[in-house]
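Colleague: Here is how the chains run, residue by residue.
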Amino acid sequence: MNLVPVTYKGGIYRHDEIVDLIEDLGGYIIQKHVLAQEVVLQALVPREDIELIARIGKPLTGEITPSPLVGTEIAVVTMSLEIHHLPHASCDVAEYIRRFGAKTNMVGLARGFGKRIAQLNDEERDVINEHDLAVYLLGDFETCIEHKFPVLRRGIHVPIVVLGGPSTETLKKIIDPPVDGYVGNVGRFMHRTKESDELEMLDQVVTEITRVLDKKRDETAKDPPSVSPARLMDIIESQVEEIHEVLSPTPVTVQMTGIRVKLPYDTFAPVLKGITIEEGVTIGEVADVLPSRMRDYILIRVKPFSETNIMV
Amino acid sequence: MDAIEYFEVECPEVAGGNYYRRIADVVLLDHNLLRVIKKLHIFIDPQVPIFIAVGVTKKIPHVVRIRDFADVNVQEQKVTISIGDEAYLAPLLKILWEEYGKERVNQPDRFTIVLNIEGADRARIEEIPVIDPSESLYKDLIYALQVIQPEGFKVRRQYYGKEKFYLVASENTLPEHFEDLVREKFALMGESL
Numbered sequence: 001m002n003l004v005p006v007t008y009k010g011g012i013y014r015h016d017e018i019v020d021l022i023e024d025l026g027g028y029i030i031q032k033h034v035l036a037q038e039v040v041l042q043a044l045v046p047r048e049d050i051e052l053i054a055r056i057g058k059p060l061t062g063e064i065t066p067s068p069l070v071g072t073e074i075a076v077v078t079m080s081l082e083i084h085h086l087p088h089a090s091c092d093v094a095e096y097i098r099r100f101g102a103k104t105n106m107v108g109l110a111r112g113f114g115k116r117i118a119q120l121n122d123e124e125r126d127v128i129n130e131h132d133l134a135v136y137l138l139g140d141f142e143t144c145i146e147h148k149f150p151v152l153r154r155g156i157h158v159p160i161v162v163l164g165g166p167s168t169e170t171l172k173k174i175i176d177p178p179v180d181g182y183v184g185n186v187g188r189f190m191h192r193t194k195e196s197d198e199l200e201m202l203d204q205v206v207t208e209i210t211r212v213l214d215k216k217r218d219e220t221a222k223d224p225p226s227v228s229p230a231r232l233m234d235i236i237e238s239q240v241e242e243i244h245e246v247l248s249p250t251p252v253t254v255q256m257t258g259i260r261v262k263l264p265y266d267t268f269a270p271v272l273k274g275i276t277i278e279e280g281v282t283i284g285e286v287a288d289v290l291p292s293r294m295r296d297y298i299l300i301r302v303k304p305f306s307e308t309n310i311m312v
Numbered sequence: 001m002d003a004i005e006y007f008e009v010e011c012p013e014v015a016g017g018n019y020y021r022r023i024a025d026v027v028l029l030d031h032n033l034l035r036v037i038k039k040l041h042i043f044i045d046p047q048v049p050i051f052i053a054v055g056v057t058k059k060i061p062h063v064v065r066i067r068d069f070a071d072v073n074v075q076e077q078k079v080t081i082s083i084g085d086e087a088y089l090a091p092l093l094k095i096l097w098e099e100y101g102k103e104r105v106n107q108p109d110r111f112t113i114v115l116n117i118e119g120a121d122r123a124r125i126e127e128i129p130v131i132d133p134s135e136s137l138y139k140d141l142i143y144a145l146q147v148i149q150p151e152g153f154k155v156r157r158q159y160y161g162k163e164k165f166y167l168v169a170s171e172n173t174l175p176e177h178f179e180d181l182v183r184e185k186f187a188l189m190g191e192s193l
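So the sequences go chain by chain: A and B. Going by the working numbering, the first sequence opens with residue 1, and the numbers climb by one from there. Going by the working numbering, the second sequence opens with residue 1, and the numbers climb by one from there.
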């Protein structure tokens, strides 16, 4: 079954029918927002059933649109989050990517600013590596980017998309070895993006991120995870009572090859490891349950099929 | 930017310079400082790295004294101050409390202050300075320049006074001859420090 990421927007009236429908079809609801009279569902649904959901949703003024970033967690790495440098370009970027379904986390570096003095500490490095992709927002000067970027990428093994003030061509020229994606003309600016050319620039950022993630998806498809992270989320939500008491917007965050569970590691790691997925296969057998560097959360990395020889 | 007579951003990197021109424009507008600046020259060299901003302000309003916003009426046993502009009330009260003591300063309503003192000199009270707007204005100006400067330039030297101001910032120790650089930038605007 080929699951595709979509966003469903519709009225709150009878929206539970859509939720049931998606679940019955074998899809997963990743996130549900209720905004006054409107409901927004970010879901993974079978490709062949999109038509059906659209047809049933139509009388409920529902609309279904593809959103390529649903089910991904992206780190927006910004060089500083200092209050007197607000508004940061990173705020707009992080917010805009969210509209396409991604879960974005801002990683404000403690000492990311400057040219010579820029650094990345081990905690920042590990937190960035827990994501599917890192978007680096750099400054306006190519001299500085060329000088500091090697320091900021040290130890990062997730795909990187670089945004900066110089043009895309210049960024490609000065960054060596190359990273996965580049968008130029998005450097430091001190105003909110409102004009159409600025929104177009943000669209370019989304296109570039989608391209890089699609490439990553194709690669994981060659050796798929032993269990779909969305399914894992579903199982945890139905079997671990305490997850419903977590107040974060996404108590279980779905990534491309794993999930982040926002429960304390020491208490819940053994519980999660022991949960049975299907026919005696437990989570501990098909995934690594690791402590996350983000608070005391749990990070579950699903092992690929080639490692476990199990597909559930 | 027509309110400013001279506004230049000098930078070896053309694209970077253009971004900083826009940043400076936005920040000064947001901080409501465009109307007080007459000339501004910003120099950034990311190679060094160094950031220099030099400028000249327009004529700044003088020190605000009591006579500028209030009427003073001296009687034998007391002095009545009728206030026209409430904006200066808080600092004025603070000054009067310090000068005469809280027990002698009464404020029967928002616009009236009564001082229970004997034989006061009207002219002396009228001349009491309440606020020096240039002080806060230059502070705002320097703060705005710190917002404009590239993030992470923590080593700074600043100066203001006599309608001129400058800010030099870098992440490294400032060069010894930075005052010469500042003079050079003032000369570009046809001014001297």
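Hints listed in this document are in silico derivations from the structure and should not be mistaken for laboratory results. Owing to the predicted nature of the structure, the values given are computational and were not obtained by experimental measurement. Each hint should be verified, as a subset may be incorrect.
Per the computed footprint, the stretches of chain B lying under chain A, defined by three or more beta-carbons under 8 Å from a beta-carbon of chain A, are [what the hints assert, rightly or not]: (1) 46-59; (2) 95-108.
Pairwise CB distance ranges, derived in the manner of DEER restraints [unchecked claim]: (3) A:Ser167 <-> B:Leu29: 22 to 32 Å; (4) B:Ala90 <-> A:Lys9: 44 to 54 Å; (5) A:Ala110 <-> B:Asp121: 36 to 46 Å; (6) B:Arg110 <-> A:Thr207: 56 to 66 Å; (7) B:Val48 <-> A:Asp288: 41 to 51 Å.
Note that the Cβ used here is the ideal one computed from N, Cα and C, for glycine as well.
Colleague: None of the hints should be skipped; say for each whether it holds.
Modeller: Going through the hints against the structure:
no., hint, result
1, 46-59, "holds (count 3)"
2, 95-108, "violated (count 0)"
3, A:Ser167 <-> B:Leu29: 22 to 32 Å, "holds, 26 Å"
4, B:Ala90 <-> A:Lys9: 44 to 54 Å, "holds, 51 Å"
5, A:Ala110 <-> B:Asp121: 36 to 46 Å, "violated, 59 Å"
6, B:Arg110 <-> A:Thr207: 56 to 66 Å, "holds, 59 Å"
7, B:Val48 <-> A:Asp288: 41 to 51 Å, "holds, 48 Å"
Violated hints for the displayed structure, listed by number in ascending order: 2, 5.
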